[in-house]
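Student: Single-letter residue listing:
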Amino acid sequence: MSPRLEFFREAAAVADAEVRKLRRDPTELLSRAVQPVLWLAVFGQVFSQVRGIPTGDLGYLDFMAPGILAQSILFSAIFYGIAIIWERDLGIVHKLLVTPAHRSALVFGKAMAAGLRGLVQAAVVYLVAIALQVHIRWEPLPMLTVAAGVFVGSCIFSTFSLFIACIVKTRERFMGIGQVLTMPLFFASSALYPVELMPAWLQALAAVNPLTYLVDALRGAMIVGGTSVHTLGTSFAVMLGVFALLLALASKLYPGLAR
Amino acid sequence: MPSSVLPVAISTVELTKRYGEFTALDRLSLSVARGRIFGLLGPNGAGKSTTIKILTTLLDASSGSATVAGFDVAGDPVEVRRRIGYVPQLLSADGALTATENLVLSARLHGLHGRTRVARVNEALAFAGLDAVANNLVRTFSGGMVRRLEVAQATLHRPEVLFLDEPTLGLDPVARKTVWERLRQLRQSEGMTILITTHDMEEADVLCDELAILHQGRLAVLGAPEELKARVGSDATLADVFVRFSGAVLDHGGSFREVRESRDTVRRLG
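In the order they appear, the protein sequences are chains Y and F.
Our numbering applies: residue 958 is where the first sequence begins, and numbers increase by one.
Our numbering applies: residue 558 is where the second sequence begins, and numbers increase by one.
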């Protein structure tokens, strides 16, 4: 069997096991749905009355819906590292690492599972957005673009989370760092306001923040009249590049969890 | 057949692991013949788990060398992994998956597919005596059932060498004997070499062909259980041998992490 096929088979095995676990315990999915509901139903509705943020021809709720979708992906995926530390404490990581499977396939499989989880999360956000009469695009191609963005975004942030877990190695430290990382990533993106409104230093951060590119791609594909600053090609190239880099780094550090 | 004429399954030469100033394993040299059950004994912190982690490629040695099933653990780690099975001290079967799903995951990661996979998984369930609960979540299993599943999981791909880190820790006497029975079966039917770490003198006595006692990272003594007992005295037990060679009268008890992991395992076994 070719090494490439082996790699994908191994990653599929890990992803399959993860998805089975998720299907049995959907409580986490439901609890993670609370936050986007609050952001859209409370923050979004209030700010759409204030009209304090210039969003062009888009209503504020329409403007922020893709941002909240991206945020829910980020917040859900960024705590993936906790599960990895839990698996380490249970010896599951040790057992996986003693198999001849490629280390990168084990990490990639986890990312794939996070991607699938992200799609379920997106479905929940869509339901809330429909209830709040957000103007959603229903054409197949834009919907496919949203699905692809959500999938890649989940892969990025879950792998980033795994990378951090490999460094901190304990749940207590991870909880602290998880909070510290998510909020700057969220606020230094175009999720809540256009990048042009940011001070120059924040704009510089936003330019290297993968969440900015995810929100930008989603905004053009998800909302009627929504526009993207970057082309889809640029956004996906940046996101895939970041994912490839994180995958390489996390694969390098993952075996260290068993030491 | 004496060990010295059998082919070697595990060999270490001056194997050393240092963490800064602390030496966890100090120039360990030993060799285990194919088809033998070899026991590593020693107080907590003696270097048993460090040795297993190096031999299973989870940890790099600071110096020295080791081969498992004819492959260098540092130079050919993937070839080593293809030929070994490992049961960690922690209960590592995934409680959120069924017994079958745990086995299928292991099989897939060892490159077993199609009919071969189905056949091996069914064989493994029968071997572990878990056919009737194959589709139950592992979190509903008793400690003995989990350990049997883990041994089945670790041997699904028919490894040449099986490593077990305190496999019967926290098990009741019946479950413990069932695990021993499974290990003897594997040695007999597959000719598997088994390296086991244990604190349990009875386990070491009845199960192992040869023992090594480690003390503060060094090899204190090596030999067959009967041989070692004879060296200490005519009516000596293995516990006497252990105390004599490990200096475990005032055991420092191992690191905080090791003790926590042992207690976690015992707690999870109920």
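Simulated from the structure, these hints should not be mistaken for laboratory data.
All values reported here derive from a predicted model rather than from experimental measurement.
Treat the hints with care, as some may be off.
Simulated coverage check for chain Y against chain F, where a stretch passes if three residues somewhere in it have a Cβ under 8 Å from a Cβ of chain F [unchecked claim]:
id, stretch
1, 963-972
2, 1055-1061
3, 1145-1157
4, 1182-1188
Note that the Cβ used here is the ideal one computed from N, Cα and C, for glycine as well.
Student: With a cut-off of 8 Å between beta carbons, are at least three residues of the stretch 1182-1188 of chain Y near chain F?
Tutor: Violated, because only 0 residues of the stretch 1182-1188 of chain Y bring their Cβ atoms closer than 8 Å to Cβ atoms of chain F.
Student: Tell me if chain F covers the stretch 1055-1061 of chain Y under the three-residue, 8 Å CB rule, please?
Tutor: holds (count 4)
Student: Are three or more residues of the stretch 963-972 of chain Y within 8 Å, CB to CB, of chain F?
Tutor: Coverage by chain F holds for the stretch 963-972 of chain Y (6 residues, Cβ < 8 Å).
Student: Okay, the stretch 1145-1157 of chain Y and chain F, do three or more residues pass the C-beta test at under 8 Å?
Tutor: violated (count 0)
Violated hints, listed in ascending order, are 3, 4; each of the other numbered hints is respected by the structure.
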